[in-house]
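Visitor: Residues per chain are reported as follows:
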Amino acid sequence: MAKSSLRKKWHLRDGTCGAVFSSIQDHCYKNPAWLLSAMAPMIGLCLLIIFFIVPAWFQKPAWAQKEVTSRPYRYSERELASRSYERHEVKPRTYPVFVRGGIPQREAVTLSPIAEKVRRRKYLADSHWGLKFYERLACAKCHPRHARNLHYIRAKITCRQCHGPEPIAGLSHYYSKMSHRRRHAFVCAKCHEGANRSFASYVNHEPNPAALSTRQSFPLLFYVFWMMVAIAVGTFAAFLPHAFMWGLREFLPDNFWSRLKNRFAGRRKPDGRD
Amino acid sequence: MAGIKRFTPAQRIFHLLLMLSFLIQASTGMARLYFETNWGRFWVSFFGGYNQVLTIHWWVGLFMLALLVVHVLYVLIHVDWRRFPKSIYGPDSLLPRREDLGQALQHAGWILGLRKLPRFDRWGYWEKFDYLAVFWGITLLGITGVILYNPVFFSNYMPGWVLNVLLWVHRLEAVLAIVHVATIHFFIGHLRRHNFPMDLVMFEGSVELEKARHERPAWVERLEQNGNFHHTLVDNTSPALRVIYYVFGFSVIACFIYLLVSALANVGGLLG
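Residue numbers (this note's numbering), protein chains in the order written: chain R, 1 to 274; chain X, 1001 to 1272.
Don't read these hints as lab results, they were simulated from the structure.
Please note: incorrect hints may appear among the correct ones.
Said to hold, decoys possible - Derived SDA-like pairs (lysine to any residue); straight-line CA-CA distance at most 20 Å: (1) X:Lys-1128 - R:Phe-239; (2) R:Lys-156 - X:Lys-1211; (3) X:Lys-1211 - R:Pro-253; (4) R:Lys-261 - X:Ile-1111; (5) R:Lys-190 - X:Tyr-1149; (6) R:Lys-156 - X:Lys-1128; (7) X:Lys-1128 - X:Leu-1076; (8) X:Lys-1116 - R:Lys-156.
What the hints assert, rightly or not - One side only, chain R facing chain X, incomplete, derived with CB under 7 Å: (9) Tyr-152; (10) Ser-198; (11) Val-203; (12) Glu-206; (13) Pro-207.
Stated by the list, open to error - A few chain R residues that face chain X, going by a derived Cβ cut-off under 8 Å, partial list only: (14) His-151; (15) Ile-153; (16) Ile-157; (17) Lys-190; (18) Cys-191; (19) His-192; (20) Ala-200; (21) Pro-219; (22) Leu-220; (23) Val-224; (24) Phe-225; (25) Thr-235; (26) Phe-239; (27) Leu-240; (28) Phe-251; (29) Asn-255.
Glycine is no exception: its CB is placed at the ideal position from the N, C-alpha and C atoms.
The task is simple: from the sequences and hints, build the whole structure.
Guide: Set out below in structure tokens:
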């Protein structure tokens, strides 16, 4: 074995290289580009495994990312359960209808000022966009009636647990998790396992069933409520006075009314005048 | 003094089970309904917590539904099918007849001093109403209750917003039933002068002969004419047993009155 004084090269008897510390390897391989071309994909594959596949294997994407990470997964696992997803599935338009550049636009049909403001906010990515002193407000300050619902009263579920952190998207915003398309999967199913789209149509913030305004917003609830009240009131209106009068009557002798009649009849004058 | 047999042991057991299960359902249901109030939370803790209340409500509700099914089978077995359909419209049937409407009007006239006291047969019109109202009540409360307990499953077959409607139907029907029992049923059954302090017929199964002659003369005469009268006479209940009946009956009445008064006193907290 011969050894160079300047570069540490060991040449074996068969002409191959035993150990290489030098970048110059012409003496070892006739075509050094072959090594690079062979190593690069392997290194790339290792990097892919280390940084993408292994983490993806052990760590699933966050629940909020699932919808956009895998469309087949999203459709088969989440939205196919709604059974009527395709009727409502539409792509976002190339331009926003009611929001342009983050600024709500006027609609073609002019609504009342309040209705217009509310309706436009339903389509915003941040439904509370532009509200003054928003960070200092509690939800119930502006939505007092919505605070009275069974989820909050019975289970102490707070607004954030369903509506999520800021920004809270409007219900009709395409990517809102409270959208009727995916509410069952992203909100209801967190507690109600197996919730489907029909289940998600339960009105959590239900209107007062006795209020006249409910006749417009939830007519079946309004009419059924008053029908049941009418049955109850009718029953008590008939039987409460009946029972009470019956109880009083039993304290009177059987001939009480006839004696009373005779007594008044006896006071009448002979000519028939009182 | 001899008594005349009015209810069989099976019918008395049906009433006893219905009474106890309805008391539990009313208590647990009130606890859930009034959960926003202090009284509701106390009542919930009495049963072991909010979830425990629901569990009791569910299982006792299923028991009541089973009781209804068993009772329907009992009725079907005891129908005289050889004389059907005449038999179910006879005076011993609890189905409403045309005579009941006339007797109800005549009774109202008697209360107002306008007419004579009607000659009632075995069942009065108010008793038929109470009996048939239980069928309606258990069916409505049972169906809505089963759906509300399994909302995810049943929303496969109906829109989820129907649950909002069914919850109010369940609540209002339950309130109607509790108030009716705690006021009208108890008053007619126990607080009237002729029944005061308690009508024990549902515990003893028999009613005193003189009382039956006064309240249901048509029934006693019918029995005497048919020649079955001596078969229906029974001995009086022992005093010890009557004491037990009184204590038990008054306890149940006290529970219902407590529920009703507490519910009325806390209705302000419920409405917020």
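Visitor: Indicate, hint by hint, whether the structure satisfies it.
Guide: Evaluation of the provided hints:
With a C-alpha separation of about 13 Å, the suggested pairing of Lys-1128 of chain X with Phe-239 of chain R holds against the 20 Å cut-off. Under the criterion of a C-alpha separation no larger than 20 Å, the hint pairing Lys-156 of chain R with Lys-1211 of chain X is inconsistent with the structure, at around 57 Å. Under the criterion of a C-alpha separation no larger than 20 Å, the hint pairing Lys-1211 of chain X with Pro-253 of chain R is consistent with the structure, at around 16 Å. Taken as a hint, the Lys-261 of chain R and Ile-1111 of chain X pair is honoured in the structure, with Cα atoms around 15 Å apart against an allowance of 20 Å.
At roughly 18 Å between alpha-carbon atoms, Lys-190 of chain R and Tyr-1149 of chain X fall within 20 Å of each other, so this suggested pair holds. At roughly 45 Å between alpha-carbon atoms, Lys-156 of chain R and Lys-1128 of chain X are farther apart than 20 Å, so this suggested pair is violated. For the hint pairing Lys-1128 of chain X with Leu-1076 of chain X, the CA-to-CA distance comes to about 17 Å; that is within 20 Å, so the pair holds. Note on Lys-1116 of chain X and Lys-156 of chain R: the hinted pairing is violated, with a Cα-Cα distance of about 61 Å set against a maximum of 20 Å.
For Tyr-152 of chain R, the suggested interface contact is broken, since its CB lies about 10 Å from the closest CB of chain X, more than 7 Å. Annotation: interface hint on Ser-198 of chain R holds; nearest CB of chain X at approximately 4 Å, less than 7 Å. For Val-203 of chain R, the interface hint holds, the least distance from its beta-carbon to any beta-carbon of chain X being 5 Å, beneath 7 Å. Given the 7 Å rule on beta carbons, the hint for Glu-206 of chain R holds: about 5 Å separates it from the nearest Cβ of chain X.
At about 9 Å, the closest approach between the beta carbon of Pro-207 of chain R and any beta carbon in chain X exceeds 7 Å, and the interface hint on this residue is violated. A hinted interface residue such as His-151 of chain R counts as satisfied when its beta carbon comes closer than 8 Å to some beta carbon of chain X; here the least separation is about 13 Å, so the hint is violated. Evaluation of the Ile-153 of chain R hint against chain X yields a held restraint, the C-beta minimum of about 6 Å falling below 8 Å. Taking 8 Å as the C-beta cut-off, the interface hint given for Ile-157 of chain R is violated, the closest approach to chain X being about 13 Å.
Checking Lys-190 of chain R against chain X by beta carbon gives a least distance of about 13 Å; that is not within 8 Å, so the hint is violated. Below 8 Å, beta-carbon pairs count as interface contacts, and Cys-191 of chain R has none with chain X, the closest being about 10 Å; its hint is therefore violated. Using the Cβ-Cβ criterion of 8 Å, the hint placing His-192 of chain R at the interface with chain X is satisfied: the shortest such distance is roughly 5 Å. Because the smallest distance between the Cβ of Ala-200 of chain R and any Cβ of chain X comes to about 6 Å, under 8 Å, the interface hint for this residue holds.
For Pro-219 of chain R, the shortest C-beta to C-beta distance to chain X is roughly 10 Å, which exceeds 8 Å, and the interface hint is violated. Interface hint status for Leu-220 of chain R: upheld, as the beta-carbon distance to the closest one in chain X is roughly 6 Å, under 8 Å. The interface hint given for Val-224 of chain R holds, since its Cβ lies 5 Å from the closest Cβ of chain X, which is under the 8 Å cut-off. Interface hint status for Phe-225 of chain R: upheld, as the beta-carbon distance to the closest one in chain X is roughly 5 Å, under 8 Å.
For Thr-235 of chain R, the interface hint holds, the least distance from its beta-carbon to any beta-carbon of chain X being 7 Å, beneath 8 Å. Taken as an interface hint, Phe-239 of chain R checks out: its beta carbon lies about 5 Å from the nearest beta carbon of chain X, inside 8 Å. About 7 Å separates the beta-carbon of Leu-240 of chain R from the nearest beta-carbon of chain X, less than 8 Å, and the hint is met. For the restraint placing Phe-251 of chain R at the interface with chain X, the shortest Cβ-Cβ distance is roughly 6 Å, inside the 8 Å limit, so the hint holds.
The beta carbon of Asn-255 of chain R comes no nearer than 10 Å to any beta carbon in chain X, farther than 8 Å, and the hint placing it at the interface is violated.
The earlier numbered hints that this structure contradicts are 2, 6, 8, 9, 13, 14, 16, 17, 18, 21 and 29.
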